[in-house]
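Undergrad: Top line first, the protein sequences correspond to chains A and B.
Its first residue numbered 6, the first sequence is counted upward by one per residue in the working numbering.
Its first residue numbered 4, the second sequence is counted upward by one per residue in the working numbering.
Hints in this document: simulated from the structure, not taken from any laboratory.
One thing to keep in mind: the hints can contain errors.
Here are the simulated lysine-lysine pairs, BS3-like style, with alpha carbons at most 27 Å apart [said to hold, decoys possible]:
(1) B:85 x A:55
(2) A:55 x B:89
(3) B:261 x B:277
(4) B:13 x A:105
(5) B:92 x A:55
(6) A:55 x B:282
Just a sample of chain B residues kept apart from chain A, beta carbon distances all over 12 Å, derived [to be verified]:
(7) 31
(8) 97
(9) 165
(10) 178
(11) 185
(12) 192
(13) 198
(14) 210
(15) 213
(16) 241
(17) 265
(18) 266
(19) 277
Using N, Cα and C, we set each Cβ at its ideal position, and we do this for glycine too.
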Amino acid sequence: MAKLMAKIPKPGEKTGERVAAVPAPPSRRFLAFLVDFFIINFFIAAPFRKLLDSLIPEDMGLMKVDEFLTSNTEAASFILVIALASGILSLLYFAVLEYKLGCTIGKILFGLRVINGNGETPLFWQCLVRSLFIIPVFPFVIFWVIDPVYVFITPTKQRLLEVWSRTRTISFVVV
Amino acid sequence: MKNNPENHGKKTAWIIIIIVLIVLGLMSVLIAGIIGMFLGISGPDESPAIGNVAVIAVEGQLLTSSTSSLTSKAAISSDIVKLIEKAAKDSGVKAIVLAVNSPGGSAVASDEISEAVRAAALKNKTTVAWIRDIGTSGAYWVASSTEHIIAHPASFTGSIGVISSYVEVDKLMNDYNVTYRRLVAGKYKDIGTPFKEMTPEEYAIFQQSLDEMHALFINKVAENRKLSPESVRAIATGQFYTGMKAKELGLVDELGGKKEVENYLKAKLKTDIKFAEFKKPKTFFERLADSFSEHGFQVGMGLAQGIKEENNIKVQI
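The task is simple: from the sequences and hints, build the whole structure.
TA: What follows is the structure, given as structure tokens:
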């Protein structure tokens, strides 16, 4: 993996500038995540959308959805299965690409990398754990709140799941 | 340039990305398809019914909920109502044909379907009932709510009546010294139980309920067919009629089959018509059950054939 990492040129490599790895700024991380989110939406979520549309009645407002799901347990079970399936596939997108390349498409576009404590591409379990928030079911949805808070309170700008998986997201600056 | 290690690394990275996206995309289509089969929903690649005349089958006993029976076919009112509402919402559908082949069933199920047909008519859909083998009792209630009924001359229809008969086994129980221990709070709580003889009082109560339901049935048919309740009551003896007799009595509008349905709709809509079958997709388990029953039938056929050849026996299946 280190060999593959070495073959992906780092910013500044061609020009001979000195670069340093720093914790990735939250704004760039957010933009990179948005790009990945759209890619996941297009490739993975699209086939499940029609199933969801047929399960939930048309023109149902958000307030009524909860009432509908409470009274219609069969539909709720199918929606849970769909959420789990799409969540796991999305998790695999992040985990496989970060394991193989140290980055996803969004991270490539914004010059970000994922590394472990040794400065190398993380192990597969580390890539899985750091992306668990993507599964849209309880208890993983808790990380939707906790992870962003951690980014702002840790000096290394790590999410809680990154702390647990001992990984970091870095970017490169010219020094 | 071609052998530049930097370009080789970048190329490999993008190849990996493309492979991952393709594999995940295919997996999501596959998983969505499997879940869809369980749901009984058509997958993303299945085309919707195309045509300007929706044909909805009303086959089997009319019920409000499904039974676990493997042998009898049932027409579940909620499923049929959904199909009617789907056709009524479809702007491409100009007419709805109910292909009726049912002996009737639950009064509630019959009325639910009937109301859905009337609601569709309010959305300017032409509604036609096409009675094939049988369209009696509750099925005739449903058919009467359409604007035009076409019945095969040899079909059976009518039977405007209510039945709730059952077998009383109290005397048989006495022969075998079996006792019915009556424990009720509310003296009519066990009315209709087969384990005791019905009292004249209970009979009167039961009969009153049946009469009320009969009156409702008659009024609905009279309203739907624009006949007087008295004229309907005169023929609402529960008797079934052939299609030919039903036409004489004004219970159906026309005798015929699919051709006559087509001709009527062409004349009414003043356009070419194309039938589109609206049906409830089978769930994964229903398809599995169908394939098992087909498989079982073929195995049975094979066994019978084997026995026949071995023993030189005439076997008719």
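Undergrad: For each hint, tell me whether it holds in the structure or not.
TA: Checked hints:
1. Our distance criterion of 27 Å between C-alpha atoms is met by residue 85 of chain B and residue 55 of chain A, whose separation comes to about 18 Å.
2. As the CA atoms of residue 55 of chain A and residue 89 of chain B are separated by approximately 16 Å, the hinted pair is consistent with the 27 Å bound.
3. With a CA separation close to 12 Å, the supplied pair residue 261 of chain B and residue 277 of chain B stays within the 27 Å bound.
4. Of the supplied pair hints, the one linking residue 13 of chain B and residue 105 of chain A holds, its CA atoms being roughly 12 Å apart against a limit of 27 Å.
5. Using a Cα cut-off of 27 Å, the hinted pair residue 92 of chain B and residue 55 of chain A holds, with the two alpha carbons roughly 18 Å apart.
6. Distance hint between residue 55 of chain A and residue 282 of chain B is fulfilled; the C-alpha atoms sit about 19 Å from each other, no more than 27 Å.
7. Some Cβ of chain A comes within 12 Å of the Cβ of residue 31 of chain B; the nearest lies about 5 Å off, and the non-interface call is violated.
8. Distance check on residue 97 of chain B: its Cβ is at least 22 Å (rounded) from any Cβ of chain A, clearing the 12 Å threshold; non-interface status holds.
9. The non-interface label for residue 165 of chain B is consistent with chain A: the shortest C-beta to C-beta separation is roughly 33 Å, beyond 12 Å.
10. Even its closest Cβ contact with chain A, about 48 Å, leaves residue 178 of chain B beyond 12 Å, as expected for a residue assigned away from the interface.
11. With a least beta-carbon separation of about 38 Å from chain A, residue 185 of chain B lies farther than 12 Å from that chain, consistent with its non-interface assignment.
12. At roughly 31 Å from the closest C-beta of chain A, the C-beta of residue 192 of chain B stays outside 12 Å, upholding its exclusion from the interface.
13. Remark: the non-interface label on residue 198 of chain B is consistent with the geometry, its nearest Cβ contact in chain A lying 37 Å away (cut-off 12 Å).
14. Look at residue 210 of chain B: its CB is around 38 Å from the nearest CB on chain A, clear of 12 Å, so calling it non-interface holds up.
15. Every beta carbon of chain A lies more than 12 Å from that of residue 213 of chain B, the smallest distance being close to 34 Å; the non-interface claim holds.
16. No beta-carbon of chain A is positioned within 12 Å of the beta-carbon of residue 241 of chain B; the least distance is around 39 Å.
17. The claim that residue 265 of chain B lies off the interface holds: its Cβ sits roughly 32 Å from the closest Cβ of chain A, which is beyond the 12 Å cut-off.
18. In this structure residue 266 of chain B is separated from chain A by more than 12 Å, as the shortest Cβ-Cβ distance comes to about 36 Å.
19. Remark: the non-interface label on residue 277 of chain B is consistent with the geometry, its nearest Cβ contact in chain A lying 25 Å away (cut-off 12 Å).
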